Amino acid sequence: MLWIIAIGVAIACCVALLIAVRKRQDHQDETPDDAAARLFYKSQLEGIQEDLAGGRISEAEAIAAKAELAREVMRAKKAAPSSGTSRIATGVVLASLPIAAIAAIGLYVLIGRADLPAQPFAERSFAGSEQELTLETAIAQVEARMEETPNDIRGWLALAPIYMQAGRFEEAANAYRRVLSLEEPTADRETDLAEAIIMANDGELSAEAMGLLQSAAERDSQHVRSRFYIAGELTRIGAFEEAVPAWEYLLSLATGEEPWIPTAQSGLSAAQAGLFVGQLDEPVPDATQDVLIRGMVEGLAARLYDEGGSVGEWMQLVRSRNVLDGADAAQDDLSRALAEVDGMDRIALQDMAQELGLTTE
Amino acid sequence: MITEIGHFTLILAFVLALAQAVIGFGFWRSGEGPARFVQQSAILQFLLVGLSFAALTHAFVVSDFSVRLVFEHSNSIQPMLYKVTSVWGNHEGSMLLFILILVLFGAGVAAFSSSLPRDLSTLVLSSQGLMVAAFSAFVLFTSNPFWRLDPAPRDGTELNPVLQDIGLAIHPPLLYLGYVGFSICFSFAIAALISGRIDAAWARWVRPWTLASWAFLTLGISMGSYWAYYELGWGGWWFWDPVENASFMPWLAGTALLHSAIVMEKRNALKVWTVFLAIITFSLSLLGTFLVRSGILTSVHSFASDPTRGTVILAMLVVLIGGAFTLFAMRASSLRQGGLFAPVSREGALILNNLFLATATAGVLIGTLYPLVLESLTGARITVGAPFFDLTFGALMVPLLLLIPFGPFLAWKRSDLVGVVQRLTGAIIAALIISLIVFAFLGFPVSMAPIGLAIGIWVMVGAVAELIDRAAFRKVGFGEGMKRFRGLPRSVYSTAIAHFGVGVSVIGIVCATAYETEIVTAMQPGQTIDLAGYEITYEGEQVVQGPNYTADQGQFTVVSPRGGVREMTSERRVYLVSRMPTTEAGINTYGFTQVYIQFGERMGETGRVVRLWHKPYVVLIWLGTIFMAGAGFLSLTDRRMRIGAPRRAKAKAKEVAT
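Protein chains in written order, with the UniProt record's numbering: chain A, 1 to 361; chain B, 1 to 658.
Since the hints were derived computationally from the structure, they do not count as laboratory data.
In this text the structure is predicted, and so the values were computed from the model without any measurement.
Glycine is no exception: its CB is placed at the ideal position from the N, C-alpha and C atoms.
Do not take every clue at face value.
Ranges between beta-carbon positions, derived for each pair [claimed, not checked]: (1) A:Gly-312 <-> B:Asp-150: 45 to 55 Å; (2) A:Glu-258 <-> B:Gly-533: 21 to 31 Å; (3) A:Thr-149 <-> B:Asp-150: 53 to 63 Å.
Some residues of chain A that are not near chain B, with every Cβ distance over 10 Å (derived) [what the hints assert, rightly or not]: (4) Leu-17; (5) Ile-19; (6) Asp-51; (7) Tyr-108; (8) Phe-169; (9) Asp-188.
So, partial list: chain B residues that the calculated Cβ filter (under 10 Å) puts toward chain A [said to hold, decoys possible]: (10) Thr-9; (11) Leu-12; (12) Arg-474; (13) Phe-478; (14) Gly-479; (15) Pro-525.
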């Protein structure tokens, strides 16, 4: 059917072209060119007359315009092309028709998928199971099986990630606990369980979870996932002295290809920044250190004011300034930063200002 | 099967376009037969590509996920409207739309070709055929929308949620109507260069295509700007984003073309320059389309990530643009030069206009491409932001805007500047008085902004003054003047309306930029805040369920300074399939002024970060563009071409007559 239609369309096109090419001219005495030109210049002349009658141009202007038109007509006459079709052209045109049709069909054979039927959504029956395969039904099926064979490690391992995906973290944690009780614990399993516990706790890292993570990290000196959680938690609770080496060690495990490297790097800089600001909060015993820090902030400010920078750098500057010199100085930097950035960056700045109690007017 | 038929008809259209280009360019001097062939072929291509587009739309409507494009950009729960707009809400489909409009315009030329010199129409259609062949080859071999999946996936993914919006559904077709319309001007330029003939008929044909494309492009850009304004939630209406610049450059060049085509039409002058502009305008359209479509703009690297697509794009740009310029370099000198004119004349004013617009285009082009070139050469990533564009573009626009009212007052061929200034004195005084009244009435502080406003008012008053001057009320009295006023040609009205629209947009831009108020704050339910006289109360939030998204909807009550009370909602949506969050800003319009609320992140137990903007007269920005586009369409209805009569000739003719 498809082929009949395709070939039919191709032939119809060729016939339509053939008819057009073979059509006889209506006016033998006048080429279409002459007719077009005559019509055009006639309408021009009428336009001038109409303008004259409507008082839009004066008689003298009309005469000038007509003279201009006459010159144009004379030039056009000189340049008119010859008429009549050359034999070669006719031959090429006629030969091109079957070539085009065959080329189109050939190309379609190469790139088309005539063998594939259409599959509109409404007409598809998702054969194989009468019942719709949803996450819930899948869980129910596996759960039913686990009641019969509660010591099947593979069953629990299949079920736990599904629970996680469905947001049933408590049950996921139970499943991982079962796995840990049934086989020798590994760093991965311990981290899995810790992950489930953390999720069940709305992201809070409980003592149990932390213990599991630390055990996993000790068990495997190369284990990344557990260390990631630990370093993140250390940064979150403000234990920056421990967080910095944790992140550094994590980064030392990277071979350079891992997708988590940027996250770890930003974690490291957050911990370093925290360390830096944390030192400021305490009385600085050594005056030289104060000078050093001040020098760094001023250096950053000078560079940003001169050359501009990323929104992250501006935020760092405003934050440091807020701690070092107070809100007024931070406000000045903020105004400058707001003038430098736009779009989403601007909104990020405004959010930070909100948090620091600065105004963005 | 319908999908496969669509695939086949697209292939057939490609082959016919190729034949059309080869036969047309090869035998344009060889008489009737080839001419008829290219005409018929152009019409057939429209039918074939139309079928193809309909087939793809059908696949989206019935959610046939065995078509890869449908799977990637639609799903079974997506509302029907967005199933349809998904057809062109992606790279492959939008290229097919581009081709559809290309062949539609080609068929238009073919259908009306009986009133066109045969060699000209054949060459124009050959050039169009070449473009159709190039674009459909690009689509078929590198971005095929009919690619099938076997086995078919169960359900699809989703149209990018920010594109699920009626504004963006009509923005691309409008933009493409503009871009592709300029392809006809381009083809006419190619035809003129090859045949060496540019006459009045040429100008007459180029004019409507330029006007229509320009008007569509104006609407398309304006639509895109309004969409970005309300959908992206930043409260801005123009970002000098490379994607925006990509559509703005052809508009600037097209505006220049529009004006230089007038000189050519009326005075048979500036021919070579008009041909050059026609080539430039379409080249910029192509460049814009491809910068956006190839993904070069987001990063130079995505260009390299798909080597075939990138190479084909490059080859097409080189062949079409490079070929056109080579042809121009070889043949431009053989074109007949047009009439002469004095520096102070309508022609002179239009050249000045072209000079400013061309420079502005170059400025935007440099600002857009420089970061790309730098990144590909040195790897350094820089952004050229609003400050660069505001400075370069703004500095060029101020003198241009000041000069706009002078142009239409100048006579063709040679004019008298002092006389024009005298005739414009009334307008200058009126503009000053109105400006002063506006400042006093609105109580604006003294700054640069009132000067901007005054420029906008000057452009508007100047446009009206031209109409009044042409009616010559002072000379012929009020009654006769009104008669003449009504009898003015529509092209005169359209000039005045378009220039008036420019003034309207300028005022909108100045007001919205200089006098907007922005507040970012955390609001608790029940809290009221004052925003430039508007009392805005945050009533609370609720969860709303959309067809394919859920949203946190903030509810606000706004009491305007005049006491009117209106409800307002602003949403943060999460789309179900892609899990992508979007914002739906709340916008209330008071006259030309808008209050704009963006509902932000949660703050504490019940609070929310809320961004509120008061944007005085911001609607004028888009209203002005509607004036401009409307003027373009009005001018289209004035089909007759007029020869501009020079002044001195009048005196001579009188002598002869007496």
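Hints, verified against the model:
Separated by about 47 Å at the C-beta atoms, A:Gly-312 and B:Asp-150 satisfy the suggested range of 45 to 55 Å. The hinted window of 21 to 31 Å between A:Glu-258 and B:Gly-533 is violated, with their beta carbons roughly 55 Å apart. Taking 53 to 63 Å as the suggested C-beta distance range, the pair A:Thr-149 and B:Asp-150 does not conform, at roughly 38 Å. Separation of A:Leu-17 from chain B is inadequate, the least Cβ-Cβ distance of about 5 Å not exceeding the 10 Å criterion.
For A:Ile-19, the condition that its CB be more than 10 Å from all CB atoms of chain B is violated, with the nearest at approximately 8 Å. For A:Asp-51, the condition that its CB be more than 10 Å from all CB atoms of chain B is violated, with the nearest at approximately 7 Å. The beta carbon of A:Tyr-108 is not kept farther than 10 Å from every beta carbon of chain B, the shortest such distance being approximately 5 Å. Once the 10 Å rule is applied to beta carbons, A:Phe-169 is consistent with being away from chain B; the minimum gap is 19 Å.
The non-interface label for A:Asp-188 is consistent with chain B: the shortest C-beta to C-beta separation is roughly 27 Å, beyond 10 Å. For B:Thr-9, the interface hint holds, since its Cβ comes within 10 Å of a Cβ in chain A; the closest pair sits about 6 Å apart. Nearest Cβ of chain A to the Cβ of B:Leu-12: about 4 Å, under the 10 Å cut. The hint holds. With a least beta-carbon distance of about 16 Å to chain A, the hint placing B:Arg-474 at the interface is violated under the 10 Å criterion.
Given the 10 Å rule on beta carbons, the hint for B:Phe-478 is violated: about 16 Å separates it from the nearest Cβ of chain A. For B:Gly-479, the interface hint is violated, the least distance from its beta-carbon to any beta-carbon of chain A being 14 Å, above 10 Å. A least Cβ separation of about 18 Å between B:Pro-525 and chain A goes past the 10 Å threshold, and the interface hint is therefore violated.
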